[in-house]
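Enquirer: Spelled out, the chains give:
Protein chains: 8
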Amino acid sequence: MKVYLSGEIHTDWRDQIVEGAAGLEVEFSAPVTDHAASDDCGVAILGIEDNKFWHDHKGAKLNAIRTRMAIEAADVVVVRFGEKYKQWNAAFDAGYAAAKGKALIVMHGADHQHALKEVDAAALAVCETPQQVVEMLTYVLNGTLPS
Amino acid sequence: MKVYLSGEIHTDWRDQIVEGAAGLEVEFSAPVTDHAASDDCGVAILGIEDNKFWHDHKGAKLNAIRTRMAIEAADVVVVRFGEKYKQWNAAFDAGYAAAKGKALIVMHGADHQHALKEVDAAALAVCETPQQVVEMLTYVLNGTLPS
Amino acid sequence: MKVYLSGEIHTDWRDQIVEGAAGLEVEFSAPVTDHAASDDCGVAILGIEDNKFWHDHKGAKLNAIRTRMAIEAADVVVVRFGEKYKQWNAAFDAGYAAAKGKALIVMHGADHQHALKEVDAAALAVCETPQQVVEMLTYVLNGTLPS
Amino acid sequence: MKVYLSGEIHTDWRDQIVEGAAGLEVEFSAPVTDHAASDDCGVAILGIEDNKFWHDHKGAKLNAIRTRMAIEAADVVVVRFGEKYKQWNAAFDAGYAAAKGKALIVMHGADHQHALKEVDAAALAVCETPQQVVEMLTYVLNGTLPS
Amino acid sequence: MKVYLSGEIHTDWRDQIVEGAAGLEVEFSAPVTDHAASDDCGVAILGIEDNKFWHDHKGAKLNAIRTRMAIEAADVVVVRFGEKYKQWNAAFDAGYAAAKGKALIVMHGADHQHALKEVDAAALAVCETPQQVVEMLTYVLNGTLPS
Amino acid sequence: MKVYLSGEIHTDWRDQIVEGAAGLEVEFSAPVTDHAASDDCGVAILGIEDNKFWHDHKGAKLNAIRTRMAIEAADVVVVRFGEKYKQWNAAFDAGYAAAKGKALIVMHGADHQHALKEVDAAALAVCETPQQVVEMLTYVLNGTLPS
Amino acid sequence: MKVYLSGEIHTDWRDQIVEGAAGLEVEFSAPVTDHAASDDCGVAILGIEDNKFWHDHKGAKLNAIRTRMAIEAADVVVVRFGEKYKQWNAAFDAGYAAAKGKALIVMHGADHQHALKEVDAAALAVCETPQQVVEMLTYVLNGTLPS
Amino acid sequence: MKVYLSGEIHTDWRDQIVEGAAGLEVEFSAPVTDHAASDDCGVAILGIEDNKFWHDHKGAKLNAIRTRMAIEAADVVVVRFGEKYKQWNAAFDAGYAAAKGKALIVMHGADHQHALKEVDAAALAVCETPQQVVEMLTYVLNGTLPS
Numbered sequence: 012m013k014v015y016l017s018g019e020i021h022t023d024w025r026d027q028i029v030e031g032a033a034g035l036e037v038e039f040s041a042p043v044t045d046h047a048a049s050d051d052c053g054v055a056i057l058g059i060e061d062n063k064f065w066h067d068h069k070g071a072k073l074n075a076i077r078t079r080m081a082i083e084a085a086d087v088v089v090v091r092f093g094e095k096y097k098q099w100n101a102a103f104d105a106g107y108a109a110a111k112g113k114a115l116i117v118m119h120g121a122d123h124q125h126a127l128k129e130v131d132a133a134a135l136a137v138c139e140t141p142q143q144v145v146e147m148l149t150y151v152l153n154g155t156l157p158s
Numbered sequence: 012m013k014v015y016l017s018g019e020i021h022t023d024w025r026d027q028i029v030e031g032a033a034g035l036e037v038e039f040s041a042p043v044t045d046h047a048a049s050d051d052c053g054v055a056i057l058g059i060e061d062n063k064f065w066h067d068h069k070g071a072k073l074n075a076i077r078t079r080m081a082i083e084a085a086d087v088v089v090v091r092f093g094e095k096y097k098q099w100n101a102a103f104d105a106g107y108a109a110a111k112g113k114a115l116i117v118m119h120g121a122d123h124q125h126a127l128k129e130v131d132a133a134a135l136a137v138c139e140t141p142q143q144v145v146e147m148l149t150y151v152l153n154g155t156l157p158s
Numbered sequence: 012m013k014v015y016l017s018g019e020i021h022t023d024w025r026d027q028i029v030e031g032a033a034g035l036e037v038e039f040s041a042p043v044t045d046h047a048a049s050d051d052c053g054v055a056i057l058g059i060e061d062n063k064f065w066h067d068h069k070g071a072k073l074n075a076i077r078t079r080m081a082i083e084a085a086d087v088v089v090v091r092f093g094e095k096y097k098q099w100n101a102a103f104d105a106g107y108a109a110a111k112g113k114a115l116i117v118m119h120g121a122d123h124q125h126a127l128k129e130v131d132a133a134a135l136a137v138c139e140t141p142q143q144v145v146e147m148l149t150y151v152l153n154g155t156l157p158s
Numbered sequence: 012m013k014v015y016l017s018g019e020i021h022t023d024w025r026d027q028i029v030e031g032a033a034g035l036e037v038e039f040s041a042p043v044t045d046h047a048a049s050d051d052c053g054v055a056i057l058g059i060e061d062n063k064f065w066h067d068h069k070g071a072k073l074n075a076i077r078t079r080m081a082i083e084a085a086d087v088v089v090v091r092f093g094e095k096y097k098q099w100n101a102a103f104d105a106g107y108a109a110a111k112g113k114a115l116i117v118m119h120g121a122d123h124q125h126a127l128k129e130v131d132a133a134a135l136a137v138c139e140t141p142q143q144v145v146e147m148l149t150y151v152l153n154g155t156l157p158s
Numbered sequence: 012m013k014v015y016l017s018g019e020i021h022t023d024w025r026d027q028i029v030e031g032a033a034g035l036e037v038e039f040s041a042p043v044t045d046h047a048a049s050d051d052c053g054v055a056i057l058g059i060e061d062n063k064f065w066h067d068h069k070g071a072k073l074n075a076i077r078t079r080m081a082i083e084a085a086d087v088v089v090v091r092f093g094e095k096y097k098q099w100n101a102a103f104d105a106g107y108a109a110a111k112g113k114a115l116i117v118m119h120g121a122d123h124q125h126a127l128k129e130v131d132a133a134a135l136a137v138c139e140t141p142q143q144v145v146e147m148l149t150y151v152l153n154g155t156l157p158s
Numbered sequence: 012m013k014v015y016l017s018g019e020i021h022t023d024w025r026d027q028i029v030e031g032a033a034g035l036e037v038e039f040s041a042p043v044t045d046h047a048a049s050d051d052c053g054v055a056i057l058g059i060e061d062n063k064f065w066h067d068h069k070g071a072k073l074n075a076i077r078t079r080m081a082i083e084a085a086d087v088v089v090v091r092f093g094e095k096y097k098q099w100n101a102a103f104d105a106g107y108a109a110a111k112g113k114a115l116i117v118m119h120g121a122d123h124q125h126a127l128k129e130v131d132a133a134a135l136a137v138c139e140t141p142q143q144v145v146e147m148l149t150y151v152l153n154g155t156l157p158s
Numbered sequence: 012m013k014v015y016l017s018g019e020i021h022t023d024w025r026d027q028i029v030e031g032a033a034g035l036e037v038e039f040s041a042p043v044t045d046h047a048a049s050d051d052c053g054v055a056i057l058g059i060e061d062n063k064f065w066h067d068h069k070g071a072k073l074n075a076i077r078t079r080m081a082i083e084a085a086d087v088v089v090v091r092f093g094e095k096y097k098q099w100n101a102a103f104d105a106g107y108a109a110a111k112g113k114a115l116i117v118m119h120g121a122d123h124q125h126a127l128k129e130v131d132a133a134a135l136a137v138c139e140t141p142q143q144v145v146e147m148l149t150y151v152l153n154g155t156l157p158s
Numbered sequence: 012m013k014v015y016l017s018g019e020i021h022t023d024w025r026d027q028i029v030e031g032a033a034g035l036e037v038e039f040s041a042p043v044t045d046h047a048a049s050d051d052c053g054v055a056i057l058g059i060e061d062n063k064f065w066h067d068h069k070g071a072k073l074n075a076i077r078t079r080m081a082i083e084a085a086d087v088v089v090v091r092f093g094e095k096y097k098q099w100n101a102a103f104d105a106g107y108a109a110a111k112g113k114a115l116i117v118m119h120g121a122d123h124q125h126a127l128k129e130v131d132a133a134a135l136a137v138c139e140t141p142q143q144v145v146e147m148l149t150y151v152l153n154g155t156l157p158s
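Protein chains in written order, with the working numbering: chain A, 12 to 158; chain B, 12 to 158; chain C, 12 to 158; chain D, 12 to 158; chain E, 12 to 158; chain F, 12 to 158; chain G, 12 to 158; chain H, 12 to 158.
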């Protein structure tokens, strides 16, 4: 099973899932989580831009090569919304994955429940913790529930 | 041409576009913009829920009947991000529209430029005002530029 | 909006919806609801069969010309499960519609809730009465809630 | 060849097919067949629900991650209808598989022939026993008939 | 309903269907049935060819503009096999229509039954006369059987 | 029938086809053929750019809203290559149309034959004059050849 | 590269291609070429039929499990028309493969040229001998021409 | 990751990329770059043609077996435009890849910027050198930027 881990990049939630899923037949993918590299990749390779819009544009498109390919290949897309920032790219990925018919799992705290209701409505599961994602992957693959 | 107007529902930007586009062969669609009705439609029709999550869930799914159908039918999807709120449903719609191969126009103020870089990267045009959307629709349909 | 009304054919639920939706811009379609004609159409036109399996097979395929075409054309598929019979064709239509990405509304009594949980899980709305379907169509098209 | 075994979970028909097909290049998949785990997986991982509808809803969606993925990946979908229960999820899977263009094999007893005529009409083969499924897989892969 | 009438062009079966279906909401399409024009259209417009292969190639491709468009637009494709000639283009159209998910009706005499078994296996109905096609279209659209 | 006329914009070939096809049931579409407007539309509406690349980029994307929509809607795409310029956008449109399964007609002079062999290989017809396009549309729609 | 070898089953053309292609990275597939098994597979496994139509129907559908799967998986579909029989299943496969966007190679003698013009028009290559197929596969994979 | 290298065949840019990407998990594909073989493959295998158009036609179609298959399989399509020739096949490939939703990277010198603006507008990255392609592939796969 291929699982793409989209969204928040400032905590170690991806590591927790990958570690928790050790032993399962899962192949994980993710966006580049080095924030500085992700922001500057476009101009670093393709030449500097004076205008911040085009600076970001080049980077966002280069990152899209990776993220689109990973979402297309995924069976399951997990999207985590953290406490901070606008995180519109996470919601964009969720919409993209939903339109492609991917199984969508959304992870967020209770305080974001109302604001994420449309995203949650497109999901096959809504949870709060990496541990729950691990338990779901374990159940989906092996049919066993947490004891 | 069918144009879906997604996103912010607290200002009159949709009216400005519809009025400005009078005379063009455009058929506009939009989500339900009555905030209270949109929030409560699920339970009003399908029965109350004690849990706020399911209250919202029912409503979001009922609204999805309208919004998915409109995005599928659209040639162009315009997504506006306003000054306030999380607006994750707007970004979700943008991702959904992009994955469906719709022509995407994103409208937002300069202060959101960096946060929306991934959404903008999927768009065929990024603008700030309803007047610019009208000018684009006029150009795309009639080939004439603003004088 | 095009709405296909699938499922139970022994009560007048379709008539209630069509009458209730008078005035809405909805085009309804349905399977042939004349039970005898539906059962015998294959052999009546294409020649008799000694074997009941092929008798039914010819009829079911001829009916499929109508039902597949209607589901493909529909924006919304309403599937009603009644009190009696196996109604596997209703569940088949629900699965077919779900796989085609149609907005699915399921209508059934509370006693069938557990048995229909997989079908309900694929729906954007689950309700019990034709009146609720009318209210949903009204809301989805006009944005107005029942008073 | 990938074969998904959908439907009835109370007899050992899956085991019979898997054993009979030993030596063939077939990779089988199936839903979780532990009835209790399948019913309660949603609340066990994602939190309890007072309302039975949502209890079932969470579980059905979590199971859908597994079943949709397996049907999408399958070349052949075998759906068995047993003697008991409504088995609407089996018919739903058959409709889903048909709409996705999968080769559909339906297995059921003669007493269900009339009620399953629409499902059978979408199938490439209708049979009664696991042994027949094994013989078909053997023929399809190796071109040899039972002696 | 859009119905494409493919195959044999030497008898008046298309006229019989069109006349019989007068009053039904059906829009019929067909290939160019002027045999000489159909054979020579390529070179007549695009320049002569010494080699018969290219003479035919140009014509077949020009005819394909019409036939592919008509099959794509059709809800139902009727393919008739007559008594004479190889009629490989009829079988090609049947395969093309089947792959596009069109409802396929095959019409042929009993003597071709064995040779057409693979084509018939992909059809929703197999019949012998134009009258049967009319009766099927009448039933599919109006739900009424021949008296 | 919907026909998109792509490619060279410096001669009146589109007018010749539209006039020649008067009386046929054809709906023509085309890119914006006002060269200056086409080049500057992006910055005229969305704001000036110092860098010629982004100046062109904004314009090309805005034009793509029109051209992609027109190609998607077309049954037939006619692409003309003239005597001058690189005309890579014409070849791009041809590739785009081919991948979308559109019927492709290529029009060019004999001197470009070798350079266009890959484009011609994807076409259903290759011709030199607008009159030939009119004759093909006439034949495809009415079955009549030029006298 | 996956190559499906469709059509005539009475000569050893498939063996010639497979042997000639030894050393190339090609995975070949084919229908069941045991004529008797292919004709009787349906009733041998699924039960006898008095009516020859249903006898053939069961067999043709069972064979379709293999052939559809193989065509779907193929990169290249080679269809050979021999000297005898109607061979409508070969033309059906060609149409099916064309509609699925597969690279189509047609092999037949010169005497069938006119009757196969529509099938040839959908092909990327038309040839007469297995040796030519081997040479094409060699060129397509390795870029080397026969010396 | 699968990367197809389309376009100019007279310099060693493909070798530079393949060498630079040594160690990355990338599988490269390309058209046949032996110019003489590519031009004459059709007639060498399928028989000579007097007419240059059909000589080229046969070759272009045979090459299309390889190129279409490679583009379909690719995650990323890199298209290089060189200094000379019309290179319409390169632009055709770019359009084909864009329509198939492939990640598109365009490589060309500054002098072609204006003429390629429509092609560049469909790309996720525009660059000038093979080294930049290597750096992008490295970043996309490993998340590391050139130091």
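To be clear, the hints were calculated from the coordinates, so they are not data collected in a lab. One should not assume that every hint holds.
[Claimed, not checked] Calculated lysine-lysine pairs in the DSSO-like style (CA-CA distance at most 30 Å, straight line):
| # | chain 1 | residue 1 | chain 2 | residue 2 |
| --- | --- | --- | --- | --- |
| 1 | G | K111 | F | K111 |
| 2 | C | K13 | F | K111 |
| 3 | B | K13 | B | K63 |
| 4 | H | K97 | H | K63 |
| 5 | H | K111 | E | K13 |
| 6 | B | K111 | A | K97 |
| 7 | E | K13 | G | K13 |
| 8 | E | K97 | E | K63 |
| 9 | F | K97 | F | K111 |
| 10 | D | K111 | H | K111 |
| 11 | F | K63 | H | K63 |
| 12 | G | K95 | A | K13 |
| 13 | G | K13 | H | K95 |
| 14 | C | K111 | A | K13 |
| 15 | H | K111 | E | K63 |
[To be verified] Example chain F residues on the side facing chain H (calculated, C-beta under 7 Å, incomplete):
| # | residue |
| --- | --- |
| 16 | T22 |
| 17 | F64 |
| 18 | W65 |
| 19 | A71 |
| 20 | K72 |
| 21 | A75 |
| 22 | K95 |
| 23 | K97 |
| 24 | W99 |
| 25 | A105 |
Ideal Cβ positions, reconstructed from N, Cα and C, are used throughout, including at glycine.
Enquirer: Now tell me, hint by hint, if it's right for this structure.
Expert: Structure-based check of all given hints:
no. : hint             : verdict
1   : G:K111 to F:K111 : holds (12 Å)
2   : C:K13 to F:K111  : holds (26 Å)
3   : B:K13 to B:K63   : violated (35 Å)
4   : H:K97 to H:K63   : holds (18 Å)
5   : H:K111 to E:K13  : holds (29 Å)
6   : B:K111 to A:K97  : holds (24 Å)
7   : E:K13 to G:K13   : violated (36 Å)
8   : E:K97 to E:K63   : holds (18 Å)
9   : F:K97 to F:K111  : holds (23 Å)
10  : D:K111 to H:K111 : holds (20 Å)
11  : F:K63 to H:K63   : violated (41 Å)
12  : G:K95 to A:K13   : violated (49 Å)
13  : G:K13 to H:K95   : violated (36 Å)
14  : C:K111 to A:K13  : holds (23 Å)
15  : H:K111 to E:K63  : violated (36 Å)
16  : T22              : violated (19 Å)
17  : F64              : holds (6 Å)
18  : W65              : violated (10 Å)
19  : A71              : holds (4 Å)
20  : K72              : holds (5 Å)
21  : A75              : holds (6 Å)
22  : K95              : violated (11 Å)
23  : K97              : holds (4 Å)
24  : W99              : holds (4 Å)
25  : A105             : holds (6 Å)
In this structure, the earlier hints numbered 3, 7, 11, 12, 13, 15, 16, 18 and 22 are contradicted, and the remaining ones agree with it.
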